[in-house]
Amino acid sequence: MTRISVVTGAASGIGKATKELLEQRGGRVIGVDIHGTDVTADLSTPAGRTALVQGVRDLAGQVDAVYAVAGLATPTPATVAVNFFGTVATLDGLRPLLAGSPSPRAVLVSSMAALMPSDPDLVSLLTAGDEAASLARAEVLAREPETTGGLIYASTKLALSRWVRRQAATPEWAGAGIPLNAVAPGIIATPMTAGLIDTAEGREALLAMVPMPLNGIAEPIAVARLLAWLGGEENTHLCGQVVYIDGGSDAVLRGDSVW
496 MTRISVVTGA ASGIGKATKE LLEQRGGRVI GVDIHGTDVT ADLSTPAGRT
546 ALVQGVRDLA GQVDAVYAVA GLATPTPATV AVNFFGTVAT LDGLRPLLAG
596 SPSPRAVLVS SMAALMPSDP DLVSLLTAGD EAASLARAEV LAREPETTGG
646 LIYASTKLAL SRWVRRQAAT PEWAGAGIPL NAVAPGIIAT PMTAGLIDTA
696 EGREALLAMV PMPLNGIAEP IAVARLLAWL GGEENTHLCG QVVYIDGGSD
746 AVLRGDSVW
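Just so we're on the same page, the numbering used here is the position in the sequence shown counted from 1, plus 495.
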């Protein structure tokens, strides 16, 4: 039976690579993005999140896998709205459509940036699910885009990783037979990072902060392959894991401190 998957951020980068890979393997994929795919939805707004769920429901009453890939990396409140609240709304909103699948799966994209400096106040507000207060805090941080503004992205990804850890084993997910996990990429060659890695100097500077001793900067397909396995039928017991696909950044930066 053909598996039906939903991929957000499907118009470019990791989302596009994931959509194409799943289709090459014979699946049906409903792509979601702000343009250029099956369902048009702006995940920075409540209306856009509603449009996502309704658009998917109109195209398929039931789905087998949800890949929440969409994200931003700008030092702005929009990054908070899309990365955290848009991702959570995607997964919570589409969870009922997974209920009828014989092998439902859900995966989101976090980042190794979760290991980088973040803003404790913003992380706490995100973890509490307070969107209004989170956006207000992000507004304050964004006033200094080169310093505090840079904490916004890492904060959203740290909060997402915590959300997965806290939600995956609950009755709504594991109790309903739905493995919920995350991937945490290192530097990936996507439109999001193009401005940072288009020169040798830029690549060297970024890799000094995000060391990737195994094969360096990755192409989106590397992450897509991992996402496809996590969202596939073979993944029956991985639950609440944040899998780093980062060329070794996690191992270099944290070493054995996590053990």
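The reader is advised that the hints may include incorrect statements.
[As the list claims (entries may be wrong)] The calculated label-pair distances, taken between Cβ atoms and stated as ranges, are:
no., residue 1, residue 2, range
1, E667, A628, 39 to 49 Å
2, E696, P615, 29 to 39 Å
3, L691, R749, 15 to 25 Å
4, V635, R660, 46 to 56 Å
If you're looking for bench data, these hints aren't it; they were derived computationally from the structure. Keep in mind the model is a prediction, meaning the values are calculated, not measured. Ideal Cβ placement from N, Cα and C applies to all residues, glycine included.
Status of the hints after comparison with the structure:
At about 24 Å, the beta-carbon gap between E667 and A628 misses the expected band of 39 to 49 Å. Checking the proposed 29 to 39 Å range against E696 and P615 shows it holds: the Cβ atoms sit about 32 Å from each other. Our hint of 15 to 25 Å for L691 and R749 holds, since their Cβ atoms are close to 23 Å apart. A hinted range of 46 to 56 Å is violated for the C-beta pair V635 and R660, which are about 27 Å apart.
The structure shown violates the earlier hints numbered 1, 4.
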